[in-house]
Amino acid sequence: NAGVTQTPKFQVLKTGQSMTLQCAQDMNHEYMSWYRQDPGMGLRLIHYSVGAGITDQGEVPNGYNVSRSTTEDFPLRLLSAAPSQTSVYFCASRGPGHNSPLHFGNGTRLTVT
Amino acid sequence: GQQVMQIPQYQHVQEGEDFTTYCNSSTTLSNIQWYKQRPGGHPVFLIQLVKSGEVKKQKRLTFQFGEAKKNSSLHITATQTTDVGTYFCAGLFSGGYNKLIFGAGTRLAVHP
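In the order they appear, the protein sequences are chains A and B.
The first sequence begins at 1 in my numbering and counts up by one.
The second sequence begins at 1 in my numbering and counts up by one.
If you are wondering where the hints come from, they were derived from the structure by calculation, not from laboratory data.
Check the hints yourself; a few may be wrong.
Claimed, not checked - One side of the interface only, derived from the structure: several residues of chain A facing chain B at Cβ under 7 Å: (1) Leu43; (2) Leu45; (3) Tyr48; (4) Ala52; (5) Thr55; (6) Gly95; (7) Pro96; (8) His98; (9) Phe104; (10) Leu110.
To be verified - Using 27 Å as the maximum straight-line C-alpha spacing, the simulated DSS-like pairs for lysine-lysine come out as follows: (11) B:Lys57 - B:Lys36; (12) B:Lys99 - B:Lys57; (13) B:Lys70 - B:Lys57; (14) B:Lys51 - B:Lys70; (15) B:Lys36 - A:Lys9; (16) B:Lys99 - A:Lys9.
Where is the CB? At the ideal position from N, CA and C, for every residue including glycine.
Based on the provided sequences and hints, a complete structural model is requested.
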């Protein structure tokens, strides 16, 4: 049982480049989310999804797109990377009910130069 | 907007000393969760508090939820080097059950 799997682990982009961070979970969780972690700012919610075909914005959605075509996958797209998007990105999923805890992936460390 | 404030940002203790981190919200929380992140790792769920005034214990860790459900604390008794990491609180606000809002975290360093 792999849980939540994120790829890649590390990525370096140049300003203006695009890329997709991948996230997959094998726990049949309907809820999935993306957070970014920056020093002194904790984890900030970017986007989330409550099921296939349904996505919504979190606290800091600008510059990021998401889609949810399957229950298992929730990719995060950066269409035109900016240095301000240098961060560690975590994908997390949750079981049924809003009281269920989040299960995090191992993260993707992204640097935009 | 909905925010969860957490203090202190850093705490350095000698092994064996106690440690406490505090979280505060300006509005009532539906529940509060606590996570621990080891250096270089990902956040791992510790516990959830739901009821007003709730107190839960996990070995040397004691978690409290305030009577007004606006604040919470995590207390570690007699810290050990294995307690090193960043501790986050995260709150769910009524009507925002799909947005778990994290505090900034408290990074704990334990000196042997």
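Quick rundown of the hints versus the structure:
1. Leu43: OK, holds: Leu43 (chain A) within 7 Å of chain B, min 4 Å.
2. Leu45: Nearest chain B Cβ about 6 Å off; hint holds.
3. Tyr48: Constraint on Tyr48 (chain A) satisfied, holds at 6 Å.
4. Ala52: Cβ of Ala52 (chain A) sits 15 Å from chain B, so the hint is violated.
5. Thr55: For Thr55 (chain A), the interface hint is violated, since the closest Cβ of chain B sits about 11 Å away, which is over 7 Å.
6. Gly95: Violated, about 11 Å.
7. Pro96: Since chain B brings no Cβ nearer than about 12 Å to Pro96 (chain A), farther than 7 Å, the hint is violated.
8. His98: holds, 4 Å
9. Phe104: Holds, about 4 Å.
10. Leu110: Where the cut-off is 7 Å and the nearest Cβ of chain B is about 15 Å from Leu110 (chain A), the hint is violated.
11. B:Lys57 - B:Lys36: holds, 15 Å
12. B:Lys99 - B:Lys57: Within the cut-off at roughly 26 Å; holds.
13. B:Lys70 - B:Lys57: The given pair, whose Cα atoms are some 19 Å apart, holds under the 27 Å limit.
14. B:Lys51 - B:Lys70: This hinted pair holds, its Cα atoms lying about 11 Å apart.
15. B:Lys36 - A:Lys9: Measuring from Cα to Cα gives roughly 20 Å; hence the hint holds.
16. B:Lys99 - A:Lys9: holds, 25 Å
Violated hints, in rising order: 4, 5, 6, 7, 10; the structure is consistent with all others.
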